[in-house]
Every structure is written in structure tokens, then in C-alpha cells.
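A.B. asks: Keeping their order, the protein sequence lines are chains A and B. The first sequence begins at 4 in the numbering used here and counts up by one. The second sequence begins at 8 in the numbering used here and counts up by one.
If you're looking for bench data, these hints aren't it; they were derived computationally from the structure. Take these hints with a grain of salt, some might be off.
Claimed, not checked - Calculated cross-link-like contacts (lysine-lysine; reagent style DSS-like; alpha-carbon spacing at most 30 angstroms):
1) B:Lys54 - A:Lys144
2) A:Lys110 - B:Lys270
3) B:Lys266 - B:Lys189
4) A:Lys106 - B:Lys270
5) A:Lys110 - B:Lys266
6) B:Lys109 - B:Lys270
7) A:Lys106 - B:Lys266
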Amino acid sequence: MFQSSFIERHLRLLFPLPALIFIALLMIFPILYTLFLSFTNWNLTSGAPLSFVGLRSYARVLTESRFLDAIWRTFYFTSVAVVAETFLGVAAALVLNRAFVGKSVAKLLLLLPLVATPVAVGIVFNLFYDPTIGLANFMLKTFGLPQGLWISSANSVLPSLIIVDVWQWTPMITLIVLAGLAGLSDEPVEAARVDGASEWQILRHVTIPMVMPVILTAMILRLIDALKTFDIIFAMTGGGPGYASETLNILGFKYSFEYFRIGQASVILVALFLIVFLCSLGIMKLRASSEI
Amino acid sequence: MKNNKLLANALFYLLVLIMALVVIFPFLWMLSSSFKTQVDIISWPPKLWFEPTLQNYARVFEEQDFLQYFINSTIVGGLAVVFSLLLGLPAAYTISRYTQKKLAIFILLARLMPGISFLMPWYIIFSRLNLMDSYVALVLSHMLIALPIVVWIMASYFNSIPCEMEESAMVDGATRQYAFLKIILPLSGPGIITATTLSFIFSWNNFMFSQVLSMEKTKTLPIAVYNFVSYAEVDWGGVMAAAVAIMAPAIVLTMIFQKYVVKGLTMGAVKG
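With the rest of the complex left out, here is chain A (with noise of 0.2 angstroms):
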């Protein structure tokens, strides 16, 4: 008896606690692990004991054109990409907002790509790119356009990237807009209609400015998960040709599981983190004063 009246009477410190040393332990504890590696020059594969450098790890990474690279590639893939999921998974929602036999197929086939493994999906685009077999040329070459070198061009290869994740991703926007459309009250539609607003007109000024607060986050949580693209570049090009579709992500597994430099490793994952935190964090701000 007395015990469980000391379960109810700390429940709100008992019921999560559990949860959250396993967040301390897996999550907390390792970024801090990996932030007092970033200020060592460890490496795993020449055996020498890790020892203190200061800054050192960061004057070097920070400076070297890879490094700096990878992040202008990771900033451009998340925005080329996030831009473009947006438009289109907007314009999608609004022509799919009413009623219309096959809705629920439509909606069906617009989660399959949101479940597909993203590994695999990178593979059969591999196929789809390929130069000599791929469809993409096929297609290309049908409507009689230039053949390309898609994913096998440092030139292209970002953009082709890019597509992947659009096709990926861009149903992500769509349900939630349309489920924030769903949400939607009639009656301020209802009222520019009667005052003779155009269609384009009642888009414009009355639905797109209501379900807009929807939109920016389904944009936000695209932004923090594109940043972190790492499934469909890692098995379609590995970062190449050369570095050319190196992003941050790709750049910090490669000095952590590859050239075993952790001490460097940890200043770029140091890096991302930081620049996924600080999106997340500014995004936070910027919803909680928007949301009075």
C-alpha cells in the first residue's frame, strides 16, 4: 500500500524516467562523447593513445575545401529539394482536395513511397540513371533530347540525387496539407464565393493564408530530415563521382568508418549537429511566437 502510494505520488517523475535515462544514456551521453573527441587527434588505425590537441582537429578540418564543400552541397541539396517538394506537394494537395472516385487509392499510392526503403529506392533509381541501360535515357532519347550522364557526372549528379528524394518525399507535404485542409472550416471560402471572389482569387487570399501554418511545418520537418540525407546518396553514389555528392553526413561517415579519423570525424559531426540543433531551434522559436 505504501508503495504504490509512492508510485502515484512521483508518477510524473516515475512514468517517464525510464525514458529519459535511455535518452541520456544513447543520446546524451554520446554527442558529449563524441564533442570531447572532436578536441583529440584519435585515430583507430594507427594505434597511437588518443592525446589532446586543443582546437587543432577544428583549425584543420575547418579550413580544408572538403570539409567546406560538403557543407555548400548539404545546404543546396536541402534547399533545391525542400523548395521544390513544397511547391509541388502543395499543388498536389489542392488538386486532390475534394471528393472524387479513386480518392482513397490516390492517398494509398501517395504513402508507398514514404515506406519505401530508402536504400532500395536509390538502387532501382540506379538502374533507372543507368547511362547506357537506364530508362531515364530511354526516355530522354525518345523525345528526342540530349542523352545525359546523370549520376555518373559530377556535373549532374546532385540534381539527380535531388529528384530521388522530390519523388520520395513530396507525398509527405501533400498528406499534410491535405490533411490540414481537411481541418478547414467552409465558411470563409463560402463567404468570398457569395462576394463573387474568382476561384484563383478564394485560393489565393482565403485557403492558401489558412492552411499555411500547415505547410511551414510540413517544410520544417522536410528541412531537419533533409539535411540529414544519407540512405539514397550513400548507396547510389557513395559521395561521387570523386566528391561531387559529398554532403556533411556522407563526409562524417567516411572519416568515422572509413579512414577511422575520429578525432577529425567528430569536429564534422560536431558540425552537423550544430546545424541540425540551431534549424531545429530557430524553427521552435519561430512556431512558438507564431502560435498564439
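Once you have looked at the hints, place chain B on chain A.
C.D. replies: Below, chain B without anything else, positioned relative to chain A:
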């Protein structure tokens, strides 16, 4: 006037058809390639009509230990989800009932932060503990995928259950934890289905954690598919069959629980 409406309708269905084709096309192509012989795959122009063969599937399942990888993926995903429910359900309950916003954000961070910033230290720590290539390491890492999903979905599900449900039981002398177990949880079936389906699919699809932490013994399907490509670069038919095999379970689950999956993927965003 009537003609206009007909035209608008035709245009609308044309648009929907185009969208559907864009979405489904890679799946259809993967599926058809998986039934093609190597000769048919590399023939130019690509063949639409061909003699279907099952040899790709036979090769994948016979030459590779795909069944074992399938079992590994199921064990890792299943255990990660079960343990995440055990840790996550009580946490989600107090987040909902005591509006513990900071706690919610803390757990959500695991969903937002880049996995590689914990993966590298895990690699070092699990190596030291001799836990590389063990189910323990894989399940723990996949729990970090599943737990935030469980907590996020269940906290908003508990929000939709009125507090009177357990309060009336507590007036009758039951403790809150008893009310949680006997009244709230039995009402939470749909939420638990949503959380389970989604977190299992995300664990099933995970590549990075398993790529580093698993080796021959605990290898999961995404790694097997990836390795299959690296050593059988030209065997496109086998690769496509492997891709079909890995995607099929997630797609079947999605079809069965379609309503729940949509809800889980969109709920946080729409509710704010």
C-alpha cells in the same frame, strides 16, 4: 457551360492520373525488372513485353541467406518496438496529463538530431563492450528510432482521451497507475497500432545504424540489399528482386493499416 464542367473534370482526372503514374512508376519498373532475365534487362530499348522468370528470386533466396536477414530485421524491429512501447507509453502518459512540454521536446530531439552524431560513439563503446554484431546493440540503436515516434504519437493520442476516464476510477479509490493500466491503455488500441506500425517500418528501413553495428550474424535486410549491389553490380535482376523483397513487408503493412499510417505521419504537423 456543361461542356466546360466536363472538360474541367477530364482535366482533373488527367492530372490525378499523371500524379499516380509518377508515384507508382518506379515500383512498377522495379517489379517488372525483377521478373526479367539479364538479357531482357540490358536490352535496348527497354522491353515492355517479356517472358517473366522467377530465377532472380530463386537466386536471391538460395545464394544469399536472405531468410536469415529477414528474420534479423524482424527481430530487431520487433524488439525495438516492444521496448519502446514499454518505455514510451508511461512517458507519453505523463507528458499528456501533466503537460510536460520540455520532456516532450527532449525526447523529440532524438528524432530530429542526426543519427551519425551518436552512431560514431556507439561504435567505439559497443566495440569496447564486445557488443558489435549483437542483437543488443542493434535493438538499442533502433529503439532510438522507435521511442520518439511512440512518445510523439501516444502523447497526442492520450490528449484525445478525456481525463474524466481515469479520474472517475480514482474517485472510487484506484491509484493513477492502476487507472492508466486498466482504463487508459485498453482504450488506446488505435494509437498503439499507429505507433507500432510506423516505428516498425522506420526500423525496418533503417540503413545507417545497421550498416555500422551489424555484421554477418545480425545483418538486416537493407544491408544485405546494399551488399548485394556492391558485389553483384551487374546482376540487376537479382538486385531488383532483393529490392522487391525488402519493400514488400512495409508496403503490405501500410496497406493493412493505411488509416493509421496516414494519421501517424500527419498528426504532429497538423495539430501543432
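A.B. asks: Below or equal to 30 angstroms on CA atoms is what counts here, so check A:Lys110 against B:Lys270.
C.D. replies: Judged against 30 angstroms, a Cα distance of about 12 angstroms means the pair holds.
A.B. asks: If you draw a straight line from the CA of B:Lys266 to the CA of B:Lys189, is it 30 angstroms or shorter?
C.D. replies: Status holds; Cα separation ~26 angstroms.
A.B. asks: Hint check: A:Lys110 vs B:Lys266, CA-CA at most 30 angstroms. Holds or violated?
C.D. replies: holds (10 angstroms)
A.B. asks: Hinted pair, alpha-carbon criterion (30 angstroms max): A:Lys106, B:Lys266. Please report holds or violated.
C.D. replies: Holds - the C-alpha atoms of B:Lys266 and A:Lys106 are around 13 angstroms apart, at most 30 angstroms.
A.B. asks: Assess, step by step, whether the Cα of B:Lys54 is no farther than 30 angstroms from the Cα of A:Lys144, and give holds or violated.
C.D. replies: Holds, at roughly 15 angstroms.
A.B. asks: Going straight from one Cα to the other, do A:Lys106 and B:Lys270 come out at no more than 30 angstroms?
C.D. replies: holds (16 angstroms)
A.B. asks: For a C-alpha distance cap of 30 angstroms, please report whether B:Lys109 and B:Lys270 respect it.
C.D. replies: The given pair, whose Cα atoms are some 24 angstroms apart, holds under the 30 angstroms limit.
The structure agrees with every numbered hint stated previously.
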